[in-house]
Every structure is written in structure tokens, then in C-alpha cells.
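Chemist: Residues per chain, in single letters:
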Amino acid sequence: MTSDAAISVKALLQAAQLTVTDEEFELFVKTYPDLRAGADGMYLPEVRYEEPGLNFDARWNTA
Amino acid sequence: MTDIPLTIKDAAAALRNGAITSVDLTRVMLERIDTLNPSLGAFIAVTPDTALAAARQADADLQQSVDKGPLHGIPLGVKDIIATRDAPTTANSHVLDPEWGAGWDAPVVERLRTAGAVILGKTVTSEFACGAPDPDNGFPMPKNPWNLEHSAAGSSAGTGIAVAAGLALGGLGTDTGGSVRGPAASNGHTGLKVTFGRVPKFGCVPLGYSLDSVGPMARTAWDCAALLKVIAGYDPRDPTAADVPVADYTAALTSNIRGLRVGVPTNYFFDVPDLDLEVKNAVLAGIEVLKGLGADVREVHIPHAEVAKNANNLILAADGLAYHRDDLRDRWQSYGRYTRTVIARGAMFTASDYVQAQRFRSYFKKVIASAMADLDVLVTPTSTTPAEKIADMNMTRRMLGVSFTGIWNLVGLPALAVPCGFSSGGLPLSMQIVGKPFEEATVLSVGDAYQQSVDWQLRVPPIAQVPLTSSSRPVLTS
Numbered sequence: 001m002t003s004d005a006a007i008s009v010k011a012l013l014q015a016a017q018l019t020v021t022d023e024e025f026e027l028f029v030k031t032y033p034d035l036r037a038g039a040d041g042m043y044l045p046e047v048r049y050e051e052p053g054l055n056f057d058a059r060w061n062t063a
Numbered sequence: 001m002t003d004i005p006l007t008i009k010d011a012a013a014a015l016r017n018g019a020i021t022s023v024d025l026t027r028v029m030l031e032r033i034d035t036l037n038p039s040l041g042a043f044i045a046v047t048p049d050t051a052l053a054a055a056r057q058a059d060a061d062l063q064q065s066v067d068k069g070p071l072h073g074i075p076l077g078v079k080d081i082i083a084t085r086d087a088p089t090t091a092n093s094h095v096l097d098p099e100w101g102a103g104w105d106a107p108v109v110e111r112l113r114t115a116g117a118v119i120l121g122k123t124v125t126s127e128f129a130c131g132a133p134d135p136d137n138g139f140p141m142p143k144n145p146w147n148l149e150h151s152a153a154g155s156s157a158g159t160g161i162a163v164a165a166g167l168a169l170g171g172l173g174t175d176t177g178g179s180v181r182g183p184a185a186s187n188g189h190t191g192l193k194v195t196f197g198r199v200p201k202f203g204c205v206p207l208g209y210s211l212d213s214v215g216p217m218a219r220t221a222w223d224c225a226a227l228l229k230v231i232a233g234y235d236p237r238d239p240t241a242a243d244v245p246v247a248d249y250t251a252a253l254t255s256n257i258r259g260l261r262v263g264v265p266t267n268y269f270f271d272v273p274d275l276d277l278e279v280k281n282a283v284l285a286g287i288e289v290l291k292g293l294g295a296d297v298r299e300v301h302i303p304h305a306e307v308a309k310n311a312n313n314l315i316l317a318a319d320g321l322a323y324h325r326d327d328l329r330d331r332w333q334s335y336g337r338y339t340r341t342v343i344a345r346g347a348m349f350t351a352s353d354y355v356q357a358q359r360f361r362s363y364f365k366k367v368i369a370s371a372m373a374d375l376d377v378l379v380t381p382t383s384t385t386p387a388e389k390i391a392d393m394n395m396t397r398r399m400l401g402v403s404f405t406g407i408w409n410l411v412g413l414p415a416l417a418v419p420c421g422f423s424s425g426g427l428p429l430s431m432q433i434v435g436k437p438f439e440e441a442t443v444l445s446v447g448d449a450y451q452q453s454v455d456w457q458l459r460v461p462p463i464a465q466v467p468l469t470s471s472s473r474p475v476l477t478s
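Protein chains in written order, with this note's numbering: chain Z, 1 to 63; chain V, 1 to 478.
What the hints contain is simulated information worked out from the structure, not anything from laboratory work. It is possible that part of the hints are untrue.
[Stated by the list, open to error] Partial selection, computed: residues in chain Z whose CB lies under 8 angstroms from chain V: (1) Asp4; (2) Ile7; (3) Leu12; (4) Leu13; (5) Leu18; (6) Val20; (7) Asp22; (8) Asp34; (9) Tyr43; (10) Glu50; (11) Leu54.
Note that the coordinates shown come from a computational prediction; the quantities given were computed from them, not determined experimentally. Ideal Cβ placement from N, Cα and C applies to all residues, glycine included.
Here chain V stands alone, though its shape is the one from the complex (with noise of 0.2 angstroms):
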């Protein structure tokens, strides 16, 4: 991966500057998707031919000046929850109707197309965005790329790997309990989860109504910031969008965040027994980098976060069964092992039991409020461990265990996770960092501020740095 820019930043500088053509592009990446795809299951539909032509059209755009953004040329994975109108959506499921979401794109992929960007085709998913990586159910299964037998988490596990390795300079996800951030988190890139409505999430399978978002996931939080200005805005199509102007988030990103007031919790997201030594030490580091960058770091109790877990769990599994009791009740094998006994979590708890989930929502979001008065951001781990092992994943942890990022839906709140070191195994540590509704831009400057004293989300897997043939290289003018 030495002669292709590893971010979206620099390939827009190349594509402009002509070291490089979004045809050469395109071609290097979907040579990657050949060669890399069967080992680690990051695309599930390829499109070379639509890819190649809207990679044509950005260069001829460009010759002429026509220039549509950083987006212009890029290529992009979607995830196979999203429409789009020239592969079939499947959810990774056998039974999602084929013809959901056919021959038509959700907004959020309209609006890529409308900057330019290349679209390389659908990235794998945790069936239906939940459940787990399953080897049996006959779709890619998505392994980690610094470790092939360790899993890439889930759900948006396929733009994750995708992204890591090189296969794709970026792309969209879902994040309703940590599906772009556990991903980010586990191949060692930057994932933003929006402010719930930010960005329209019609034309995505749904799992959470209230917690769904689309987010984008990318090397760095300037590339993030890239794809959020495209996809952020109104579409009266999603009943839950906001009607808030977007910010030019990139032109938010000064790397100045002197001043700027970081809440470290001292409870729950710090002191929880299941957090891996090295992941503390890591975001403690990258905690310091920050105050070292002019932070005023300050520490803050956030109190019921494991209640907000567990509320988070609950709307999630209660909505998920609305949407999936009657193909679960009629097809209970042709879900996924791990997918089924998820949503079917569900029917564990009572109708008013919902309800008090979405007060306690009510009151956790005014706990959070006021403990972020005086602060602009928190940071925090986005996950307990490195990546697990696939052959360890366990169910009884995957419903019961600490989360630190579903708290984080149950109040809609945009939440970056940032790469922030590497274990001793050789797997990425990531941290969060939370802000305040709408505050995309401060989230995206705290994560491009510290990635200009760090090169974590530059690391490129072992298994990416294949040489490419000679075919297909293009030959760089600079």
C-alpha cells in the first residue's frame, strides 16, 4: 500500500494534483477486494462496472475543473443494510425479502453520488446488524486483519476491515448499541456515531428505531468529517431526521483544542473488572496527549451508566422483535444462531417494562446533560478488550456484558472512536469521545487534533501489504 494514499484527504490531494486518477483508484482497491475479500470477508456485492464508470466520470469532472467535493472520486464501501440501486440489500439474511431496498439508493447514498464519490458495492454485516460474525449462516465472514482469528466486531464489521486494509479509502455503517465504533475499535480506524436524526436513515434495515444511526467510518476523523458533511441534513423520508443546519466539519477541524474541557468518568467506564489492563493504559495515554495538546481534563462521575446499558439493551431487543417476531416465529432456522437468540431477547421483558426504559431515557439524559454542563467532551474506552478471538465469542457475554457505547445511543449523542495504540498481541486499542447533541464538529476536532500527534490510524495490517500486479498499478506521476 505504498504508492496509494491511505486516506481520503490525501487521495483527494492526489486525484487533484494528477498523481493519481480515480480509475487508478478504483481498480487498485477492487484488485485488493480480489485478492483480500476471500481471507477476510469484507464485501459481500462487488459493482467493478458502475464503480469504473462514476470513477471515469470524477476524473473527466475533474479535468474540467468540475470539482464536487473531497468525496470526488473516492471510493467508498456501503453496508448491506443500505439500499442502493445497483446491488440487491440482504441484511446478510436469508430472510430479508430481495426485494427490500431494490434498484433504488437510501438518501445517504444519493448524497455520495451526488459528490462524486465511487461506490464500490455492499460490505458485510452482523445479520441484520445485530447478533454476531457467523461462520455457518453462508454469508462472508468478516475476520479481523491484524489477526485472522480474531473477529472484526460487529455489526459493520465488513467497512471496518474494508477500510483497515485498504480496500476501501471509507464507507458508511450503522451504529445502534456500537456497530460503527466496536468496528472502528477492532481494526484500528476512527468510526463516528451521529447524533440520533442527523443523518437520514431511511432506506436502512431498521433494528433500534429510536437508537439507529448511519455513521460514517474512515482512517481519520478528517476523512469522517468528509463523509459526515455529505451525508449529514434533513430528509423528510426518515420521521425521526432533525431539521438542524450542517456544520462544514472539516473546516471545524483547527487541531487548536486548547482550552477545551475533557470529562474523564471515574466510574463505570474506568473501574468495570472486565476492562483489559492494556486498553486502560491506552486511553489513559491518549488522554494525556490530549491535555498535553492545551486540554483541561477534568474528571466526573457519571452515575447509572450500567442502568443505561441495560435500557439501551432493552429498547434495542424489544424493537428489533417488533420488526422481526412473525419471520421469527415462522422461520426461527433461517436466522442466524446468534442473530435469533438476540432479538428474541426480546420477549424477556414486559410491555411496561419498555416504557420504563424509555423514562428512565428521559431522566439519564438529564443526568448527562448536567454532568457535561461544564465540560465540552468525554472520553472514555470504546470497548473493554482488543478484538476477541472468534472461537471464544460468547452469547451469554454478548447479551449480559459491559458496553461502553450503547449508553451513549440510549441518549443520541455523537460518540468518535478514535484509534489510540496497540495491545501486546498486536491488536488496536481505540478511545471514545462523546459530545453534546449536534456537536459533531467538536467530537471530529478532539479526534483530529490528537491524530496530529499520533499515527495509530495509519498502521496498515501485514495482511494488506500485498504488492499489487503489475496490471494494475498505476504508474504515479509524482
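Next comes chain Z alone, as it looks inside the complex (with noise of 0.2 angstroms):
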């Protein structure tokens, strides 16, 4: 039976149009639960309303 796990990875490897080893595709399925909690970690009550670091510039004189 193909995990939840599997599934997930095999359509965001496909949405980012790569294409792996199965060696590989079992690495990105082992570990994908601990990335995905640790994304999901992010997302605290404190960080609500904060703005993103990150910055840009609409001058035309800038990179």
C-alpha cells in the first residue's frame, strides 16, 4: 500500500518536474513526515503578525 507519505512526495517531485532515483524517492518519503512537522512548526501563534523578511526595493537604481 502506497503511504500518505508517498503520495505527497511523489506530487510535489512531479510538480517540480523531477525526476529521482527510487533510492532517492524513498529518502525524500523516510523524511518528508519530519520535514513537513518542522514546516509546520513555523506556523506560531507569535509569528501571526509579523512581515516576512524579506525586503524590495521599487527604485530602479537597485538590483
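If you follow the hints, you should be able to join the two separate chains into one complex; please do so.
Modeler: So this is what it looks like as C-alpha cells:
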């Protein structure tokens, strides 16, 4: 039976147009739940009203 | 290595008192590279002609009292993701366009040459400054000079090995999640991850756009200060370079840290199960040395440290995937096996995860500012364990494991890795000194004061204690 992680990983790699080996696919399936938990762990209540740490300057003389 | 100065500071003195010439020093380094590079994998390209020409010029200058400062005539290595005009930049990859960076110097290299430094060549990196050393990708395999079965860490492994084994007196690395500090820790010398924007990164192959930094690697904090003084400063070609005055970093090293407030995080950095006991004890002993020098040591709590590590990894992977996606799609097999999975990890996250990581970053910056409000520096271990065995390299651990370094890239702070002992297996151990934004002078001062009391940073691995041939051994006059 295909795990939820395997389904997600397959879809995410396809969306990124990446073709990996079987061994690499298994590595992603094995690590995906922890990677996902790590990302979910950033959605803290304390962060609710923070601005992202990104800057964009609309002036034309800057990069 | 008995006759040849170990440090930039000593070599600079020897060049000025006539004990050695830059040509002699450069020839010794070139011979050591010839002898040891096949075993150690430190350099991917060596440029003896331009190096010796620069050394001859340095000798002529110094003889005529034209003194460009402590790097004048000093042989250095440059990580192979930084453009240099006299050697190709490969990023240790079969994928990077061979024309990338060809024929010109990155601003940091320009500044080193202007300061009279002798560039020996390009040092080995993990492919594209990420992943892990890969024995199968056709590039030199970096090995730890203290034990060839162990990793030299990455990604700035080549510069780390070169400094530790005396193939160069210092050099440049880059650091996105620990790539200067990891090799400094594993190879047993000093390495500084600078404040984000302190040193221009134009001319470096990017990995994480808002995390990358170019930093000095050398035996001592004083040597790192001398390198930083030259490479720091604004350059308009780097949109993230900060227009902040450059301190006189060597002059700031007074050896006096009496009353300096040192925070020791009680959580995460000292209580994770992955932390090796020998590392922990060596760092705690290092903190005792600082206490003995008059530092005011206090415990501090750093909330959300593990989340910060995850946020750094997420941003690094997402930035990296954006840069590499089309090449990964079209040339997956041309990338090293460790590189491609580390970068492709970015596909596991969503766009909102990326923005949330950047929002967490804003929040965590305030957390750290608050935690350090009454402190000057934090001290932590640099890594959880001594250098791992190459045969034990584990990609799951690499993707998910504990890290004490990337957290400081997330908040952009300066962090110095300083040797603080050796394991029972003979491998170097390291502590990390973290400072406030643009307070490199403070972290270097703490490192320098510590290094006045210990000699871990001056130990030489047995493999590097090779006799030189009589033809190249310089005749010393003092």
C-alpha cells in the first residue's frame, strides 16, 4: 500500500518536474513527515502578525 | 612545519624582519600542496605562476618599505565558488557553466590582491556549497587531516583542510548554514561567519540568497580579523551588502574581556541528546577559561531554537531549488548524489511555508535581540560531535539532524568557531561565539582572548608534519 507520504512526495516531485532514483524517492518519503512537521512548527501564534524578512525596493537604481 | 610560521600574524612579522620572504613562504606552501593534496583533497586548482609573481611583488614592495598590511605576501586559498581571474570556478560541479566567473575576480578576491595577498588557487567545496563530499563525483575528495577516514565537513572543506595542514595560512569560505564554521570545527582552526551583508558576496555562486556570507578561515581569531579587515565593506554589486563602517578588527583585539557578558544557552545547545559528551565538556571548559579571564557568564534561554534551525534549512533549500530547478530537471544525474537530494528537498515545501519561514525569521530576530539585550555574546558548541566518519555519512541526519550553526544564518549574526580541545579519538572540538549584528570585533576579541590562554588552534596534524626537500626549504635567517 502506498503511504500518504509517498503520495505527497510523488506529487511534489512531479510538480517540480524532478525525476529521482528509487533510492532517493525512499529517502524523501522517509524524511517527508519530519520535514513537514518542521515547516508546520513555524506557524506559531507569536508569528501571526509578523512581516516576512524579505525586502523589495521599487526604485529603479537598485537591484 | 617547524621553521615556517603557523599563523598570518607570525608570517607577517617574519616577512618584515627578514626571517623569510614571500617567495620562500609561497614555495613551501606549493610544495606542501604537491605532497599532501593527493591525500587530503584541499585544492582543486593551483596557480603557482600568479602566486609566485604576487609573492615576488610582495617581496619587492616590502624591501622598498611599501607595506600594504598584514596580508601582504601571505599565501591564501579561495573556495571554488568564488570567482578568481586566474583559475576556473567550478563549484565542484559538472553542471556550472564553465564561463561562470571566468577571467575576473570577485570583490573579496580583488580586495585580497590589493592588500598584497598571494592567491595559491581554488579550494575544494561540497558541490554548489551544499550536500556532502562525494567520492564519486570526480572532484578531489576532501579528507580530515587529523584522520583520513573522517570528514573535513563542508562545504568550505578545502580551505579548512589547507589551513589545518599548512597548505595555506588562511583563506576564504562561504557560510549559509555552517559552511565556514563546520570545517573550522572539524579541522581544528578558527572560522568566522560574518554578519549578513558585512562582506560582499557578488562573484560567489549563490545557495541561499538571504543567508549566504563570505567569511575568513585561519588558525587564529587574530588572523581572521586581519582577513576580515580587508574583505569587509560595501560593494554596490551585491544588493544585500550593508553600507556599514568597517572596524579596525585587529586593533580591537585587546585580550581584555573582563566584565564582558557571556550568555550560555541552557536549552537546545547543551541539552539535545545528539550532543557528544566530549564536545559538551570541552565547550564548558572553554567557558570556564572565559570566566577565568574575567567574563561575566550567565545562563540564558533561547526559545524556538529548533524551529529556527528548521526555518534556515527551509529557506536554504527553497532558494537553492529556485536557482537549480531547471538544471536538476534536465541534468539530475550530472549533480552529485548528495547535492541533488539536499537541494530537491526544497520541493517538499509550499510557497506559504517559505513566506512563513521568513515571518518566523522576523519574529526570531526579536527573540534573539531580547535574549541578548543584557549580553555581549553567546557561547555554544559549534557542532554536536567531532568530525564524522566518511563511511558513516547519513543523508537522513544531514537533512533533519541537530545543527547549532544555521540558526545564526537565519538571524544574520556573526559567529566564530574556535578550537577548544580534542576528542579521545584525536579529533578537534570547537566552540562557537555568537555576537550582535556587525559586532565582529567583539566575537573576535573573545576568541583572541581565549586563544591567549590555550594552544588548541596551533596544533598541527601528524600528516602535515612532513619534512620538506632541501631544494625548497627556505634558509631562515633568524
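Chemist: Given Z/Leu54 as an interface hint, is the shortest Cβ-Cβ distance to chain V below 8 angstroms?
Modeler: holds (5 angstroms)
Chemist: Under 8 angstroms, Cβ to Cβ, is where Z/Val20 needs to be relative to chain V, so tell me if that hint holds or is violated.
Modeler: Nearest chain V Cβ about 7 angstroms off; hint holds.
Chemist: Given a cut of 8 angstroms on the nearest C-beta pair, is the interface hint for Z/Asp4 held or broken against chain V?
Modeler: With a closest approach of 13 angstroms, the Z/Asp4 hint is violated.
Chemist: Would the stated hint for Z/Glu50 survive a check requiring a Cβ distance to chain V of less than 8 angstroms?
Modeler: holds (4 angstroms)
Chemist: With a cut-off of 8 angstroms, does the beta carbon of Z/Ile7 approach a beta carbon of chain V closely enough for the hint to hold?
Modeler: violated (13 angstroms)
Chemist: Answer holds if the nearest beta-carbon of chain V is closer than 8 angstroms to that of Z/Leu12; otherwise answer violated.
Modeler: Cβ of Z/Leu12 sits 5 angstroms from chain V, so the hint holds.
Chemist: Going by Cβ atoms only, is Z/Tyr43 closer than 8 angstroms to chain V?
Modeler: This interface hint holds because 6 angstroms falls under the 8 angstroms limit.
Chemist: Do the numbers back the hint for Z/Leu13, that is, is its least Cβ distance to chain V under 8 angstroms?
Modeler: holds (6 angstroms)
Chemist: Is the hint on Z/Asp22 kept, meaning its closest Cβ partner in chain V is under 8 angstroms away?
Modeler: violated (13 angstroms)
Chemist: Given a cut of 8 angstroms on the nearest C-beta pair, is the interface hint for Z/Leu18 held or broken against chain V?
Modeler: With Cβ-Cβ at 5 angstroms, under 8 angstroms, it holds.
Chemist: The hint names Z/Asp34 as touching chain V; please verify it with the least Cβ-Cβ distance against 8 angstroms.
Modeler: holds (5 angstroms)
When each numbered hint is compared with the structure, violations occur for hints 1, 2 and 7.
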